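> Position one of the sequence shown corresponds to residue 0 (numbering that gives the first Met the number 0), numbered consecutively onward.
To be clear, the hints were calculated from the coordinates, so they are not data collected in a lab.
Bear in mind the structure is a predicted one, so any value in this text is a computation, not a measurement.
Virtual Cβ for every residue (Gly too), placed ideally from N, Cα, C.
Just so you know, not all the hints are guaranteed correct.
To be verified - With a straight-line Cα cutoff of 30 angstroms, these simulated DSSO-like cross-link-like pairs (lysine-lysine) come out:
1) K80 <-> K116
2) K277 <-> K235
3) K260 <-> K80
4) K277 <-> K126
5) K322 <-> K109
As the list claims (entries may be wrong) - FRET-style restraints, in silico, Cβ to Cβ:
6) K80 <-> A227: 17 to 27 angstroms
7) E81 <-> D142: 18 to 28 angstroms
8) D142 <-> E70: 42 to 52 angstroms
9) D304 <-> R85: 36 to 46 angstroms
10) K322 <-> N175: 32 to 42 angstroms
11) R214 <-> I72: 42 to 52 angstroms
12) D304 <-> D273: 26 to 36 angstroms
13) I222 <-> G293: 28 to 38 angstroms
14) L124 <-> S56: 31 to 41 angstroms
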Amino acid sequence: MVYLLDTCQSRLSKFFPRRKFSELHQHKTHIKMNISSKDGISEVQFLPLVFHSLTPSLRQRAEKELNESEENITTGLAKLKELITREHTSYWMDDDFLILFLRAKKFDVKKSFQQLKEYSHRRYLQKNILCSEAMIKIATSWDYRVCGILPKRDHEGRALLYFFANRFASDEIDHNLVIALIQVLLQFALSFPASQISGVCFIADGSVTSMECVRVIYRYVSIFAPTAHMFPARFKRIDCINTSVFCQLAFKLMRPFMPSKLLRRVTLHGCEKDALLKIYSPDILPEEFGGTLGPLSEVQNAWMDEFRKMVPKFVESNQYFQKAFYN
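Could you build the full structure based on these sequences and the hints that come with them?
Spelled out as structure tokens, the structure:
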């Protein structure tokens, strides 16, 4: 195992420079976020996606919505590790990893442990998809026109992931690679405390033009939707724009696979031109979504360096998901 891990790290280092995860938290940023309100705050400074700290407003939200406190973090981690030690299976015991599940389940330790087990088992089942070879392919052939993350957070501090449904049916697309990419992008977004607390949103361009696209999207959703609850994430919104007749058909086919809680967060906006501008500021949206941030081809560079630093740690963590977590 050690030899294989060293080999993978050597190959990945050509594309992703190695950096310890703890070093990432030494980076300081002084950007502040103000939540606009009717009480006089008219200007919002949007947090960047890459943000390792917590603003006072985010701390308050964590306390109010997640029952978070220094005491609950300390006792929650201790109790979660105690439950882990009773198992006959080795789990990843990194504090930054475990707190994902505590925040996702509002510091209910038993629910956090159950989600940890489900997530870990899912990673085991996908070990061949989420391997170092896939990460190397992502590094060399990732297409921002398929899916990605916007470089700025919204007014609530939420990370915004996007994908273009009409690209999924392209013969150029490696579908297993897309499955791996979506999961790694989500894991990257969740590596920042602001995402863990405020949640993540999805923007989908539903300009599907063929039954082939419907078939491929159906495949993806049938894989992801039933396991969405296993991810330690707060899924807040899923907005579908440019929803063609084919997209609406795909959504009807996908409904049975989607958890009711997730389904309630989905909005089909039809072909309404300014739909996203009623939800998000144009300052954080790229030109493709009607915003003023610039084209996606340019704005992705804002977070790619941090993404490349995260991937080796993700690959290294695969060693903790090499065997089944359920009998």
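> Hints first: check each against the structure and report whether it holds.
Verification of the hints:
no. : hint                              : result
1   : K80 <-> K116                      : 13 angstroms, holds
2   : K277 <-> K235                     : 16 angstroms, holds
3   : K260 <-> K80                      : 29 angstroms, holds
4   : K277 <-> K126                     : 40 angstroms, violated
5   : K322 <-> K109                     : 22 angstroms, holds
6   : K80 <-> A227: 17 to 27 angstroms  : 26 angstroms, holds
7   : E81 <-> D142: 18 to 28 angstroms  : 44 angstroms, violated
8   : D142 <-> E70: 42 to 52 angstroms  : 46 angstroms, holds
9   : D304 <-> R85: 36 to 46 angstroms  : 40 angstroms, holds
10  : K322 <-> N175: 32 to 42 angstroms : 22 angstroms, violated
11  : R214 <-> I72: 42 to 52 angstroms  : 45 angstroms, holds
12  : D304 <-> D273: 26 to 36 angstroms : 33 angstroms, holds
13  : I222 <-> G293: 28 to 38 angstroms : 32 angstroms, holds
14  : L124 <-> S56: 31 to 41 angstroms  : 38 angstroms, holds
In summary, the structure is inconsistent with hints 4, 7, 10 from the numbered list given earlier, while agreeing with the others.
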